[in-house]
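J.: Which chain is which? The protein sequence lines are V and Y, in order. Straight run, no breaks: the first sequence in numbering that gives the first Met the number 0 ends on number 349. Straight run, no breaks: the second sequence in numbering that gives the first Met the number 0 ends on number 324.
Note that these hints are calculated values from the structure, not bench results. The reader is advised that the hints may include incorrect statements.
[Unchecked claim] Quick list of the computed label-pair ranges, beta carbon to beta carbon:
no.	chain 1	residue 1	chain 2	residue 2	range
1	V	Asp288	Y	Gly324	48 to 56 Å
2	V	Leu71	Y	Glu110	50 to 58 Å
3	Y	Arg272	V	Ser42	38 to 46 Å
These numbers come from a predicted model, not from an experiment. Beta carbons are placed, not taken as given, at the ideal position from N, Cα and C, and that holds for glycine.
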Amino acid sequence: MSAPPATLSAEAAPARPPLLEVADLRVEFDTYGGTVQAVRGVSFSLERGKTLAIVGESGCGKSVTVQSIMGLIPMPPGRITRGIAKIDGQDMLRDQRIDGKDIRGRLVGMIFQDPMTSLNPTMTIGDQIAETLQVHAGHSHRRAFARAVELIDMTRIPEAAKRARQYPFEFSGGMLQRSMIAMSLACEPSVLIADEPTTALDVTIQAQILDLMADLQRDNGMAIVLITHDLGVVARMADDVLVMYAGEVVEHGGVDDVFYRSAHPYTLGLKAAMPSNRTDAAQELTPIDGSPPDLFAPPEGCGYFARCPHAMRACEATHPPAFAIAGGHDARCWLHHADCDRDAAQVYRR
Amino acid sequence: MTDASRLVELRNLTKFFHIGRGEVVHAVDDVSFGISAREIVGLVGESGSGKSTLGKTVLGLHDKTSGDVIYNGEKLPAKYKPADFQRHARVMQMIFQDPYSSLNPRMTVGEIVGEGLKLHTSLSGAQVRDRVGEWLRRVGLNPDHMARYPHEFSGGQRQRIGVARALVLEPEFVVCDEPISALDVSVQAQVVNLLDELKESLGLTLLFIAHDLSMVRYVSDRMAVMYLGSLVEVGPADRVFFAPKHPYTELLIGSNPEPDPRTERGRDATAIRGEIPSPVNVQPGCRFANRCPKAMDVCEATTPELIPVRDLGHDERLVACHLYG
Numbered sequence: 000m001s002a003p004p005a006t007l008s009a010e011a012a013p014a015r016p017p018l019l020e021v022a023d024l025r026v027e028f029d030t031y032g033g034t035v036q037a038v039r040g041v042s043f044s045l046e047r048g049k050t051l052a053i054v055g056e057s058g059c060g061k062s063v064t065v066q067s068i069m070g071l072i073p074m075p076p077g078r079i080t081r082g083i084a085k086i087d088g089q090d091m092l093r094d095q096r097i098d099g100k101d102i103r104g105r106l107v108g109m110i111f112q113d114p115m116t117s118l119n120p121t122m123t124i125g126d127q128i129a130e131t132l133q134v135h136a137g138h139s140h141r142r143a144f145a146r147a148v149e150l151i152d153m154t155r156i157p158e159a160a161k162r163a164r165q166y167p168f169e170f171s172g173g174m175l176q177r178s179m180i181a182m183s184l185a186c187e188p189s190v191l192i193a194d195e196p197t198t199a200l201d202v203t204i205q206a207q208i209l210d211l212m213a214d215l216q217r218d219n220g221m222a223i224v225l226i227t228h229d230l231g232v233v234a235r236m237a238d239d240v241l242v243m244y245a246g247e248v249v250e251h252g253g254v255d256d257v258f259y260r261s262a263h264p265y266t267l268g269l270k271a272a273m274p275s276n277r278t279d280a281a282q283e284l285t286p287i288d289g290s291p292p293d294l295f296a297p298p299e300g301c302g303y304f305a306r307c308p309h310a311m312r313a314c315e316a317t318h319p320p321a322f323a324i325a326g327g328h329d330a331r332c333w334l335h336h337a338d339c340d341r342d343a344a345q346v347y348r349r
Numbered sequence: 000m001t002d003a004s005r006l007v008e009l010r011n012l013t014k015f016f017h018i019g020r021g022e023v024v025h026a027v028d029d030v031s032f033g034i035s036a037r038e039i040v041g042l043v044g045e046s047g048s049g050k051s052t053l054g055k056t057v058l059g060l061h062d063k064t065s066g067d068v069i070y071n072g073e074k075l076p077a078k079y080k081p082a083d084f085q086r087h088a089r090v091m092q093m094i095f096q097d098p099y100s101s102l103n104p105r106m107t108v109g110e111i112v113g114e115g116l117k118l119h120t121s122l123s124g125a126q127v128r129d130r131v132g133e134w135l136r137r138v139g140l141n142p143d144h145m146a147r148y149p150h151e152f153s154g155g156q157r158q159r160i161g162v163a164r165a166l167v168l169e170p171e172f173v174v175c176d177e178p179i180s181a182l183d184v185s186v187q188a189q190v191v192n193l194l195d196e197l198k199e200s201l202g203l204t205l206l207f208i209a210h211d212l213s214m215v216r217y218v219s220d221r222m223a224v225m226y227l228g229s230l231v232e233v234g235p236a237d238r239v240f241f242a243p244k245h246p247y248t249e250l251l252i253g254s255n256p257e258p259d260p261r262t263e264r265g266r267d268a269t270a271i272r273g274e275i276p277s278p279v280n281v282q283p284g285c286r287f288a289n290r291c292p293k294a295m296d297v298c299e300a301t302t303p304e305l306i307p308v309r310d311l312g313h314d315e316r317l318v319a320c321h322l323y324g
């Protein structure tokens, strides 16, 4: 099959460039076993006040994608080989200085999965939050600490003034994650990146943290990039969804499009693998058999080919482009090619 | 609520940890309930609610502070001696949460899965190998993997090794302590379906400990909800999930995000306030009273008992709440 013209989604061009813009990002890591192509051409954009959820299983490149934006990829062994990432028009990939002039920390805040290990155990919570302001905003310690107390209070930690003088070990997991949020918001960033922020927390605390993030977003209009593997969290938080598989975006669209009009077999597979509590939904769990491809030598064709129940001959040989399904909704799957015989695709099961 | 038909019966089971300076952690406090043969009971609750301690105490991995575990009519010892483990390991086993730390990295898969057979049966080396190979196949691994080490496997494969290790002796009762929490969604379904299938073919009875409420509802026949060392509600899994009676169960289920954007948009802000308190030196009264939106004066003073509450047209429900007193 000859490569068809790539019908990439033609989104209406906004009057000004989007707040966060990532295009054709490629990241590699050198290891003993060879070079891992962790991220293989990821593009997305995000507007102010909106939340983009990035979903996918371990090793799909979702964390590496956002770490590149934050300048957190260790180089070497890591290497950003292509692509751009801009926030408010400022390049995030080229300038890797970490000092007071560094735009990271001012434009972007980040919170991590495990608040226990991402905070310094030898510094009080208040000092750690204050440090951000001292470095980036040039505040005096006294002024920065006073602001830290306000931020702790804003994340609904009771007795903020007392808590600011305590150490991480005196905090519960939920309180630590609130402190991380307080720290990430210290410089009033326009983008908050949250990498599995609630995975280590109980559902009750997860609900509180998600509510807090949504409330803060409503107040200050920041954009949120939320990395998670929990489709429940996606449904609760996201405006847009990016489904990643084997270092690529396989489906991208509004949350309703991706959930109710899923266009990529991997998205469908993820949904079928988790229990639904809707009475009208299927009650059997269907696992996705097999495992993701080896990214030392990514397959020539579709990355999902080996696990896909709809795989066709074309999928093995030719890499699928992103096909537009509807406005702002696209999927990287040959099933959406105009010439694809859908019935044949259903029948041709490996 | 003692019932002779139960395979496993917990009677006022209590496990306290003394942590010095007169402080006592009430990890499991006066828990009574039963598990019938071939039943899957899901045990849910927040971290620190005592779920794992309960599971381990039932199997004798922790000594009991007081109370009894009756297995098949036989009272199990309060403190296990090596001979007790030797005797009970054949019928009771455990699958652990973390497939990374629960497999000895210096042992091959064949040694890990075969160890139980060597200790508890008189099978020859060749027979052990055959049995291990058969079990590796049963859990969806290749028998040729016997000579490999745990680090050569993915998380889902390791959890299958843990399943094979627990089931190779063909036990009757298995405690699964968060067997899927560390796994990816696509792999969780594989392990859950495997457990379900083995439950059918071996007639297993399972205590399934997890914090993923949707998964527990899917897997379990009955669901037990634990809070700060005590059971607050026990009943048919669907009923507890869709029609919770205890205010804590209601709030817990209400915080569970559904993979359905329309449902989530219609959801109110979370009602549950605060966090689970410390289980050290727990005072009398309902443990949930300080976070409960429906708390009354009586809740502060008196500990509610787990009592049967009518759920018309459905099986027995037990609730520990003064609202139903």
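J.: Compare the structure with each hint and give your call.
T.: Consistency of the hints with the structure:
no.	hint	result
1	V:Asp288 with Y:Gly324: 48 to 56 Å	51 Å, holds
2	V:Leu71 with Y:Glu110: 50 to 58 Å	40 Å, violated
3	Y:Arg272 with V:Ser42: 38 to 46 Å	41 Å, holds
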